[in-house]
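Residues per chain are reported as follows:
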Amino acid sequence: VIEAKARELIINALVNSSAMKQEDAAQLNTSVRNDLELASLGIDSMAIINFCMALEEEFKRDVEIEELIEHSTLNDLARHFAKTSV
Amino acid sequence: MKSYELHTAVNRRKIFNALPKKIWRENDFLRIWVIADPQLCAEIVRSSQMEMPDLLTVVERVETTAKISLENIKIANRCLPALLSGEQHSVLRKQLATFLMGGLKRVEGTLPDFLEKNLALLRKPGIVDLYVDIARPLVAHIVSELIGQKITEEIQNLDLGDIFPLNKTPSKLRRLNADYGKALEFLSQSTDDQTELACKLSCLTFGVDSLTMMIVENILELITDQSVNELPLKFPREAGVPVTFRSPREDCHFGVHHFKKGEVLRLQIQANAYSEQTDHRDVMFGAGLHSCVGRQLSLKIWSQLAKAINAIGLRAEFIEQTLGLSHFVAHYRSVKIRVIS
Numbered sequence: 001v002i003e004a005k006a007r008e009l010i011i012n013a014l015v016n017s018s019a020m021k022q023e024d025a026a027q028l029n030t031s032v033r034n035d036l037e038l039a040s041l042g043i044d045s046m047a048i049i050n051f052c053m054a055l056e057e058e059f060k061r062d063v064e065i066e067e068l069i070e071h072s073t074l075n076d077l078a079r080h081f082a083k084t085s086v
Numbered sequence: 001m002k003s004y005e006l007h008t009a010v011n012r013r014k015i016f017n018a019l020p021k022k023i024w025r026e027n028d029f030l031r032i033w034v035i036a037d038p039q040l041c042a043e044i045v046r047s048s049q050m051e052m053p054d055l056l057t058v059v060e061r062v063e064t065t066a067k068i069s070l071e072n073i074k075i076a077n078r079c080l081p082a083l084l085s086g087e088q089h090s091v092l093r094k095q096l097a098t099f100l101m102g103g104l105k106r107v108e109g110t111l112p113d114f115l116e117k118n119l120a121l122l123r124k125p126g127i128v129d130l131y132v133d134i135a136r137p138l139v140a141h142i143v144s145e146l147i148g149q150k151i152t153e154e155i156q157n158l159d160l161g162d163i164f165p166l167n168k169t170p171s172k173l174r175r176l177n178a179d180y181g182k183a184l185e186f187l188s189q190s191t192d193d194q195t196e197l198a199c200k201l202s203c204l205t206f207g208v209d210s211l212t213m214m215i216v217e218n219i220l221e222l223i224t225d226q227s228v229n230e231l232p233l234k235f236p237r238e239a240g241v242p243v244t245f246r247s248p249r250e251d252c253h254f255g256v257h258h259f260k261k262g263e264v265l266r267l268q269i270q271a272n273a274y275s276e277q278t279d280h281r282d283v284m285f286g287a288g289l290h291s292c293v294g295r296q297l298s299l300k301i302w303s304q305l306a307k308a309i310n311a312i313g314l315r316a317e318f319i320e321q322t323l324g325l326s327h328f329v330a331h332y333r334s335v336k337i338r339v340i341s
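The listed protein sequences derive, respectively, from chains Y and C.
Here the first sequence stands for residues 1 to 86, where the numbers follow my numbering.
Here the second sequence stands for residues 1 to 341, where the numbers follow my numbering.
Hints were generated in silico from the structure; no laboratory data involved.
Be aware that a few hints might be false.
Per the computed footprint, the stretches of chain C lying under chain Y, defined by three or more beta-carbons under 8 Å from a beta-carbon of chain Y, are [claimed, not checked]:
#1 94-105
#2 146-155
#3 270-277
Derived DEER-like restraints, expressed as beta-carbon distance ranges [claimed, not checked]:
#4 C:Glu-317 x Y:Asp-24: 23 to 31 Å
#5 Y:Glu-70 x C:Ser-48: 29 to 37 Å
#6 Y:Glu-3 x C:Ser-69: 48 to 56 Å
#7 Y:Glu-37 x C:His-253: 43 to 51 Å
#8 Y:Asp-35 x C:Arg-338: 45 to 53 Å
#9 Y:Gly-42 x C:Ser-190: 44 to 52 Å
#10 Y:Ser-85 x C:Leu-121: 25 to 33 Å
#11 C:Glu-153 x Y:Asn-16: 36 to 44 Å
Keeping only pairs whose Cα atoms sit at most 27 Å apart, straight-line, the calculated BS3-like set for lysine-lysine is [unchecked claim]:
#12 C:Lys-300 x C:Lys-234
#13 Y:Lys-60 x C:Lys-67
#14 Y:Lys-60 x C:Lys-300
#15 C:Lys-234 x Y:Lys-60
#16 C:Lys-2 x Y:Lys-83
The beta-carbon is built from N, C-alpha and C at its ideal position, and this holds for glycine as well.
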């Protein structure tokens, strides 16, 4: 998976888990340089579980909690998933 | 160092003492705190404002959304006192305490002979794997005596203790569900009584990992810490369960610290074992509603083991260790030492 694609899949996961509004996703998609602190979304613990499920669905692989602990921004997480997903 | 590896770090007693902060936010998105302050750990585990992180709601959410069955985890959730509250918790806790008392008699009867054979490798010079050669067979013996059923390699390898921390990803819950399926199938060979099954499942979930860690870490301390000449008989220096988790029922304050409902507190309870204060050290087995039910059993086993190792006068050096990742205990693969004499 290339980084831009990984970024797109993560944004999809955020939208599909209702952690992010479609219009905010569209704004992020205007440039790959737009980054986002995931914590700034202010989502609750159940929404995080939805996000994890959506990530597994988008990337078709298991997601480990350490990946989310270690990569706290959208672009950082995208770089990580690009390296670790096929 | 990553905070979720602190509890298994080599020389962690020094690391804990040198931590610039004892309370910090591990991750803002997941809203996880790390608490390595012994006083705050003690206050939190005793507090009625805190509860174990809710597993059932997570499991039901994943089941509904991902359309998978996590039935074995739901059974475990009904069996493990640590995951229950109210009357259910209190009744099951008493039943487990009674069950462990019965098991302890069997363990005490067979342990001296078993230790005599099990510790033989520590009596002669050479390389010994503390986990593979010593702790693993010893824990298999103890847990088999407790549950009245010989545990298999496969059962001993299950990561059942991972039911407690950070259950947020479907993949982890699927693995956990499969592990509990194997454990339940194994235990159903020896009982169809639900109370007995619950007690045995508690033994597998806590006993295997915590006893293993208590044995390995305390022998390692004896070897690596120059200030330790022999093992203390009454109370181990290292905890069997180094980390526990809590969540606030509602937003709350502990001194200057404000914790919000839904946040996860990773309590590095092993910091209590490293404290100079006796009342802090006592909390290494937990305290309050969810204190360790197996505390007395663990201490009795510890006392016999420490006496046997002290009698050997073990002199050895640490070579290397391999660990798997766990947010709850140490998942050893290998812990090699060289016995000198």
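Okay, the hints, checked on the actual structure:
1. 94-105: With 0 residues closer than 8 Å to chain Y, the region 94-105 of chain C misses the three-residue bar; violated.
2. 146-155: violated (count 0)
3. 270-277: violated (count 0)
4. C:Glu-317 x Y:Asp-24: 23 to 31 Å: 57 Å, violated
5. Y:Glu-70 x C:Ser-48: 29 to 37 Å: 34 Å, holds
6. Y:Glu-3 x C:Ser-69: 48 to 56 Å: Hint violated: Cβ distance 36 Å, outside 48 to 56 Å.
7. Y:Glu-37 x C:His-253: 43 to 51 Å: 26 Å, violated
8. Y:Asp-35 x C:Arg-338: 45 to 53 Å: The hint (45 to 53 Å, Cβ to Cβ) holds, given that Asp-35 of chain Y and Arg-338 of chain C are roughly 50 Å apart.
9. Y:Gly-42 x C:Ser-190: 44 to 52 Å: 49 Å, holds
10. Y:Ser-85 x C:Leu-121: 25 to 33 Å: Since Ser-85 of chain Y and Leu-121 of chain C have Cβ atoms about 45 Å apart, the given range 25 to 33 Å is violated.
11. C:Glu-153 x Y:Asn-16: 36 to 44 Å: Given range 36 to 44 Å: holds, Cβ gap about 41 Å.
12. C:Lys-300 x C:Lys-234: 8 Å, holds
13. Y:Lys-60 x C:Lys-67: Roughly 16 Å separates the two Cα atoms, so the pair holds.
14. Y:Lys-60 x C:Lys-300: It is violated: about 48 Å lies between the C-alpha atoms, which goes past 27 Å.
15. C:Lys-234 x Y:Lys-60: 51 Å, violated
16. C:Lys-2 x Y:Lys-83: Given that 27 Å is the threshold and the Cα spacing comes to 20 Å, the pair holds.
Consistency with the previously given hints fails for numbers 1, 2, 3, 4, 6, 7, 10, 14 and 15, ordered from lowest to highest.
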